[in-house]
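Trainee: Sequence:
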Amino acid sequence: MKIHYLVTTLETGGAEFAIPDIVTTLQDLGHEVKIYVCEPRDMGAAPRLKAAGLSWCLLSNRRRSVPVLVGAYLAKIIYDKPDLIWTSLSWGTRIGQWGGRLMGIPVISFKHSASVKPATWRMRSMSRLWIGDSATVTQYLHETMRIPKQQVMCWPFFQANPQAAQAKKWDGVSVLQLGTVGRLHEVKNYAGLITALASFVDKNPQLRSRIRLTLLGEGAEQEVLKKTITQ
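Here the sequence shown stands for residues 6 to 236, numbered as in the working numbering.
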């Protein structure tokens, strides 16, 4: 089967980070996969694709309107029509859905978060199958986005290193260490986590010295989060 994997960007992010594993898995199953990218942004995921021996095609060098991107993608489809369009992230999904609708090509769409943009909600029926990248997102697709169960599947992205050192269970006496790893982006709602923890220790001052939260990552929200912590 010939598959176009259409993603919004190659910026630093979990969905982009998983592209090499997804594409190589499909290739190992005997499918021909080509990667199309709506726009580059910071290209943080590009080194992983290069390391996996994967190439890609940019539809635009900057953010463009939906009609422009759909036109650019249709120009690719005319000369290289796939059997299936597989989309990832909101913008890539919109472009892929329109390309599929206009050219009569079925569309499969990944969903990477338990939230939905208005355009994604309105166009949800334009994808024949939705895939959640976790059990929570898969449940969200069915219960909140009202997509029939037979049109929803789960493909978990979480990966763990079995050789990594195992943390000891909290003994209930020592400092409770809470940690999270990820890009510092507003969609992660780290500000909400910080505010919630601050509210908890304000109400339970005797526990202030027994809880520690560590955020590990980089991103556009770094300075904002520093200010939130200071406040």
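Bear in mind the hints are in silico, worked out from the structure with no lab data behind them.
Don't take every hint at face value.
Claimed, not checked - Calculated lysine to any residue pairs in the SDA-like style (CA-CA distance at most 25 Å, straight line): (1) LYS193 / LYS86; (2) LYS154 / ALA119; (3) LYS173 / LYS154; (4) LYS39 / GLU16; (5) LYS55 / GLU223; (6) LYS122 / GLN211; (7) LYS174 / GLN211; (8) LYS193 / GLY109; (9) LYS81 / GLY184; (10) LYS81 / VAL121; (11) LYS154 / ALA170; (12) LYS193 / MET108; (13) LYS193 / THR219; (14) LYS208 / GLY222; (15) LYS174 / VAL192; (16) LYS232 / GLN164; (17) LYS232 / ASP207; (18) LYS208 / GLU223; (19) LYS173 / MET108; (20) LYS86 / ASP47; (21) LYS193 / THR17; (22) LYS86 / ALA119; (23) LYS81 / SER118; (24) LYS55 / PRO72; (25) LYS231 / ARG217; (26) LYS55 / GLY184; (27) LYS86 / PRO111; (28) LYS232 / VAL192.
Stated by the list, open to error - What follows is a list of derived Cβ distance ranges for each label pair: (29) ARG217 / MET131: 24 to 34 Å; (30) MET131 / ALA80: 14 to 24 Å; (31) VAL71 / THR29: 39 to 49 Å.
Note that beta-carbon positions come from the ideal geometry of N, C-alpha and C, so glycine has one too.
Trainee: If a hint holds in the structure, say so; if it does not, say that too.
Mentor: Results for each hint:
no. : hint                        : result
1   : LYS193 / LYS86              : violated, 36 Å
2   : LYS154 / ALA119             : holds, 16 Å
3   : LYS173 / LYS154             : violated, 39 Å
4   : LYS39 / GLU16               : holds, 18 Å
5   : LYS55 / GLU223              : holds, 22 Å
6   : LYS122 / GLN211             : violated, 41 Å
7   : LYS174 / GLN211             : holds, 22 Å
8   : LYS193 / GLY109             : violated, 36 Å
9   : LYS81 / GLY184              : violated, 44 Å
10  : LYS81 / VAL121              : violated, 28 Å
11  : LYS154 / ALA170             : violated, 38 Å
12  : LYS193 / MET108             : violated, 35 Å
13  : LYS193 / THR219             : holds, 14 Å
14  : LYS208 / GLY222             : violated, 28 Å
15  : LYS174 / VAL192             : violated, 30 Å
16  : LYS232 / GLN164             : violated, 32 Å
17  : LYS232 / ASP207             : holds, 18 Å
18  : LYS208 / GLU223             : violated, 30 Å
19  : LYS173 / MET108             : violated, 55 Å
20  : LYS86 / ASP47               : violated, 29 Å
21  : LYS193 / THR17              : holds, 13 Å
22  : LYS86 / ALA119              : violated, 32 Å
23  : LYS81 / SER118              : violated, 29 Å
24  : LYS55 / PRO72               : violated, 30 Å
25  : LYS231 / ARG217             : holds, 15 Å
26  : LYS55 / GLY184              : violated, 31 Å
27  : LYS86 / PRO111              : holds, 12 Å
28  : LYS232 / VAL192             : holds, 17 Å
29  : ARG217 / MET131: 24 to 34 Å : violated, 46 Å
30  : MET131 / ALA80: 14 to 24 Å  : holds, 20 Å
31  : VAL71 / THR29: 39 to 49 Å   : violated, 30 Å
In the structure shown, a violation is registered for the earlier hints numbered 1, 3, 6, 8, 9, 10, 11, 12, 14, 15, 16, 18, 19, 20, 22, 23, 24, 26, 29, 31, in ascending order.
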